[in-house]
Every structure is written in structure tokens, then in C-alpha cells.
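Next come the chains, spelled out residue by residue.
2 protein chains.
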Amino acid sequence: MKNNNKKQTSRRNFVKGVGASMMSIGVSSFATSVMATTPNSKKLGVALVGLGNYATNQLAPALAVSNSAYLAGIVTGTPAKEIVWSNKYGIDPSHIYNYQNFDKIISDKAIDIVYIVLPNSMHKEFVIRAAKAGKHVITEKPMGLTAAECEEMIAACDNAGVKLSVGYRLQFEPNTLEIEKAGKELPLGPIKHVRSDFSFTIGNPKQWRLKKELSGGGPIMDIGIYCIQAARYATGLEPIAVRAVEYKTDPVKFNSVEETVMWQMEFPGGLISNHTTSYAMSANELYISYEKGKARLEPAYSYNGVAGNLGKRQLLPHKVNQQTLQIDDFVECIRQNSPSKVSGLEGLQDMKIVDAMYKSIALDGKRVEV
Amino acid sequence: MKNNNKKQTSRRNFVKGVGASMMSIGVSSFATSVMATTPNSKKLGVALVGLGNYATNQLAPALAVSNSAYLAGIVTGTPAKEIVWSNKYGIDPSHIYNYQNFDKIISDKAIDIVYIVLPNSMHKEFVIRAAKAGKHVITEKPMGLTAAECEEMIAACDNAGVKLSVGYRLQFEPNTLEIEKAGKELPLGPIKHVRSDFSFTIGNPKQWRLKKELSGGGPIMDIGIYCIQAARYATGLEPIAVRAVEYKTDPVKFNSVEETVMWQMEFPGGLISNHTTSYAMSANELYISYEKGKARLEPAYSYNGVAGNLGKRQLLPHKVNQQTLQIDDFVECIRQNSPSKVSGLEGLQDMKIVDAMYKSIALDGKRVEV
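If you read the sequences in order, they're chains A and B. Here the first sequence stands for residues 11 to 380, where the numbers follow my numbering. Here the second sequence stands for residues 11 to 380, where the numbers follow my numbering.
One or more hints might be untrue.
Just so you know, same-sequence chains aren't split out, so a pair can sit in one copy or run between any two.
With a cut-off of at most 25 Å between alpha-carbon atoms, the simulated DSS-like pairs for lysine-lysine come out as follows [claimed, not checked]:
1) K194 - K258
2) K119 - K221
3) K263 - K304
4) K376 - K258
5) K302 - K258
I should point out that these hints are in silico values taken from the structure, not numbers from a laboratory. Computed from a predicted model, the values in this text were never measured in an experiment.
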């Protein structure tokens, strides 16, 4: 009879029952070891807010292969997507929200983390609403439209006692970590220069990225921010001033946001980085001149692999899912109650630099302190 | 007897005699075909003015393997070098000059071309003196200290009826020519962006390159000019405006010239190039973003090979002597009385840009028209 009973109980339900009872009597270490064999019961539930390209093609697949998180819910303004996603990822309608009823997520026990993948102008609102709902939050970059917005978002999460992080996936990518390490341990000597460009030719002129009220800005906000990040993680230093100039060839397509921006960042000690970001050309590169060698990543910022060299060492692309690594790290931070490497403070710092860049652009390239 | 006489006459003297007589009676085509078998008699004689590193390690060896020119004379301020060079290259004392008696070169029939390899501030004086001596002239880059100097130099050579060219060796380097061709024929579509950096860490703080009265400026004059050249030959366009900013970390070492300059050049149609040149870091690169692909040369400017890719095509380094190609082309221009690709006008154009860059630096990065 016992054997028959076991057969009738699915492995998942059985272990879930054991786990729950163990937790209730406080035998957490035993529970954890049991739960380790039961993916979903130990995984934290993530709700994706905004089901655009990045959520669809990167984050949902990344969650599907994560050992510490899973896609537990969705928040979308498009009812048709509810059905598609529900079918594809087995999401119960009780974990599906729209932007109006999103706050009800507060009582959804399946959702531990809310991942904001909305147009930039909506990051602040939804981070704050998620925090008020008691959920840990990841927001895509740029964290907000301004440093002031980032400060509000950080305060809201602090007040709610939830963790906040920014979708800076590359800070978990192995070759990027090698570059970061070389900036700390200086195997090639001190850094003399950093140059990084990130640009692509933007397509559909009607997309939200080209509308300032949604994006907050053009390539600076979208991809230039990768170069800012790179100069910071490559050097381990914070820029003290910037100079930025805007160039435009298509004032119709780019009637709302910048088309091309070239800028320099001045670091303590006099190191200067030089950058271009644009929606009208192609580049995806990080170059570092050390006293005794140089490093290049190209592509430096791609989802499917970062590759290049560090001095004489070749950095072959790693077959890792960057978004999975990023989300797994955040889950670990939640579990350990430790600070995230890419917390709101990291996003705030970038937006202070972006603020200074827009100010410099307005001043026709004058030096502006960060 | 005839046979004996022939034996006593060296091949060189014999053919020289034939060549001279043929020339004198105007049978130049026959003379040329005879001379084609007699290297030195057909070769034009070059006098190197200034026997520093570039003359010693690049130009003299380049002349030694040229089929159209040979090292016929030297001009130096260092008597000890007269002996060394005379012994090494078999130069008769009658073709050796110093900076004071240089003008006597006017009656030296062995010298057809004077190649100025002096510190930048001396280019103008010696180009003009060489022109007045009736010699064709090559001057190293930068052609002069300012565009105004270049105009004087061009006028002097025009008045004297001699040809003037600038030592832009890369305009004869095969991979560079591929880049130039791609900018004309557009196999990868129109050019969207050019970026080029050229920098190295300068050694001896006492060298003339760090003294403005000799160099006229720092890395802009010395190596930044390669990036200006590259943006021009890659696009086939002339910049209409520049923005340049100077950065300095070592005001002692760089108390006379700039240490690092970052600048942008604006071309007709809105294409913007971005550049860094410095005496305090390393870079040697040309990157071009075309509508349908990209090209990179790295190294882009080295004597011993330029390599990279043009779209999917790999550009392997060519084992050519760039200086030989450059000098041979000049000889051909003299022979054909055709304009040099790297004439004084080419040097003048670069110096107009350099003038605008220094003006922009003085204006804290303001846009300055070329």
C-alpha cells in the first residue's frame, strides 16, 4: 500500500509536502537539501513586467534555464500576449497582471521578484509600485531617466525593505570579469586609456526608443550606458567630469532624441576615456591601453558572447547565458541578504554621469563635473 | 683593343656615358631602355637632410632597395655622421653637406631630390632652400608648422619649377589602398563613421618632439596627423569643421607641447570621425563603419605592415617597403611630370585641419571651421 501511495503521488507534490512541513518546524537545512532536488519549490518566482523583445527573447529563455529562479508571472498591457505566454510557460492566470491591476501582485505569493522591462520612462513608477508590493525588483537599464529618479527608486526599495538591482548582465560575463580583474590587479600595469563605442543603425522610426517621452533620450540611454559601465568596471574608477557633443544628420528621424554623441570622461589621476554612441553607425567595442599592453573586447556587449584579448591572452567567447547569471546572482543576494554588485547605487552612478553628459551637450561640449 | 677598352671601363661608367650621350641627342626612349638595365644611372639621386632615426633606419634602407632612386648625398650637422654614412653607403665627400653650406647643392648634379627629415620647425626653411637649389623636394610630415608655412613652401617649389611631396608613405601601402578604394567604390555601402587613434608612450623627455620650438606641437603634429590623413583617404572627403580638446596629466614632461588630444572632424553630409592621439598611451588603429559592414586596420600606421580586415576580407600584412614605394612614386611623377598623390597640397590640407584643431583647443573644444 505504501508503495502504491508513493506511486500515485508525483515526485513534485510529494517533495513539496515534505519541504513545507520541514519549513514549518524550522528544519530549514534539511528542507533545503530536500528542496535542492525539486527545482521549482526552491526557485524564486519572477514576474516580467513588459513583454517586448528583450523579455521575450532573452529574459524568458534565461529564466527557463535558471536553477534559482523561474518565470512565475507576467505583467502586460496586451491581452493577446497573456494567452501566448500562459501557454508557452505554463503561467496560471492568477499570476497574470496588467499595468492597472499590477499592485494586486502584493498578495501573489508565487512572485518574489518583479523584473521591469518597460520603456525607460516607466521604470521609476513600476520599481516603486513593485517595492510597495513588497517584491524585490530588477529594472532594465537605464535605471531611470535621471539620477533624481534613481534616488527616489532606491529610497522606495529601502523603505520597503526589498532589494533593487539593474539589469547589468555584463558584470557577470566571464570575459568582462577578466577585464574588471585586470583593472584591479594590474597584471599589465596601470590603465592609460579606455575607449569604448557602442552603436547600431536603428530601424523602425516609430519605436519607443526614438520618443523622448518614453526613452528619456537616444543612444546614450540605450547603449551609450554600456560604455559608461565599461569605463567604470575596466578602471574601477568613477569619472569626475565629462564632455559630450551631439551630432545629427537626420533631424526628422531623430526629432526627439539624439542621433550620435561623442564624449570623454575624466577619471581621478587624469585618465581620459573616449566614446561614441549612435543610432546611425555600427560599433561594439571596448579597448584599454595599459602601461604594458592592451586589451580589446569586440563584441564587448553582445548577448551571445563577448570576445577579444587581454594582453597576449585570447578571451574566447563563453557559452553562458548572461541574463541567467545576472538573475541567479540577484537570487543569491536575496537569499544571503547581501548587497547586489549591480544594485540601485550602480544604476544611480551611471545616471549621474548621463545627467552630466546631457548638461555638457546643452553647453556645447563644455566640461561638466559629475 | 676595343674589347680591352670595354673591360677597363666599369659597367656603370660605360652606361652612364651612353645614357648621357643619348640624352644629349634627345633619343630618350632608347636611352631609357638602355638605362633600364643599369640601376644607378637610371636612378635619381636623393640627398637626405637630417640623419636621425627615421633617415637612418627607414629611408636609407628604403633607398638601398629602390629601383628608381639611390642615396646620393647627405646633409647633416654632425660631422661624425659624415664618416659613418660615407663608409656605409659609399657617398663621396663631394655630396656631403651641412646646414650652412647646404645651398651649394645647387651645383651638385648627382642630387635630383632632397628629402627633408629634420625637426618640423626646419621643414619650411629647407624645403625653400632646396627648391631654390633647383632640387625636387620630399619633406617629412607635418609638412610645416602651419598652413601658412605650407603655402610658402608650395609657392617656392612652384616658382622654382620643382616638385614637392610629403612623406605620406601609407598612401602607397597596399592595404591602405584597399581602404581608400572602399571609400570610393563603396562595396560595403556609404561610410557612416571613421575612428582612428594613434598614440605611444614617449621616452626621453629631452627629445626635440617635446620642444614646441622644434616640433611645433606634440602628438597632433607627430602622429595625430596620421589619423587626419586616414579619415581623409578612407572617406575621400575633406573635413569642414573640427572640435578638439587637450588633456594633460604630466605638465612637467609636457610643459611645451600637448600630451593627449581628442578630437572630432565633421565631413560634408554629416559624417563625424572621432580620434585620440597621445604621447602617454598606446593605440594604432583605423576603424570604419560602412552601411553594410566595417573595416579595421591594426596596426594601421606601422612601417612593418598594416593589417586588418575590410568587411569579411582579411587584409594580411604586405611585405613591402612603404618608403621605397613612396619614393619610387615620386621619381615616377618627376619622370612623367605628373602630379604627386602626396603633393604639397596634401600636406597643406592636413595643416589647415591641424590649425583648426589648435584653434579649437584654445577655445576649449568649440567647433572651428577648417
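Cross-check of the supplied hints:
| no. | hint | verdict |
| --- | --- | --- |
| 1 | K194 - K258 | between (38 Å within a copy, 24 Å between copies) |
| 2 | K119 - K221 | neither (36 Å within a copy, 72 Å between copies) |
| 3 | K263 - K304 | between (38 Å within a copy, 23 Å between copies) |
| 4 | K376 - K258 | both (18 Å within a copy, 17 Å between copies) |
| 5 | K302 - K258 | between (38 Å within a copy, 20 Å between copies) |
Hint 2 from the list above is the single one not met by this structure.
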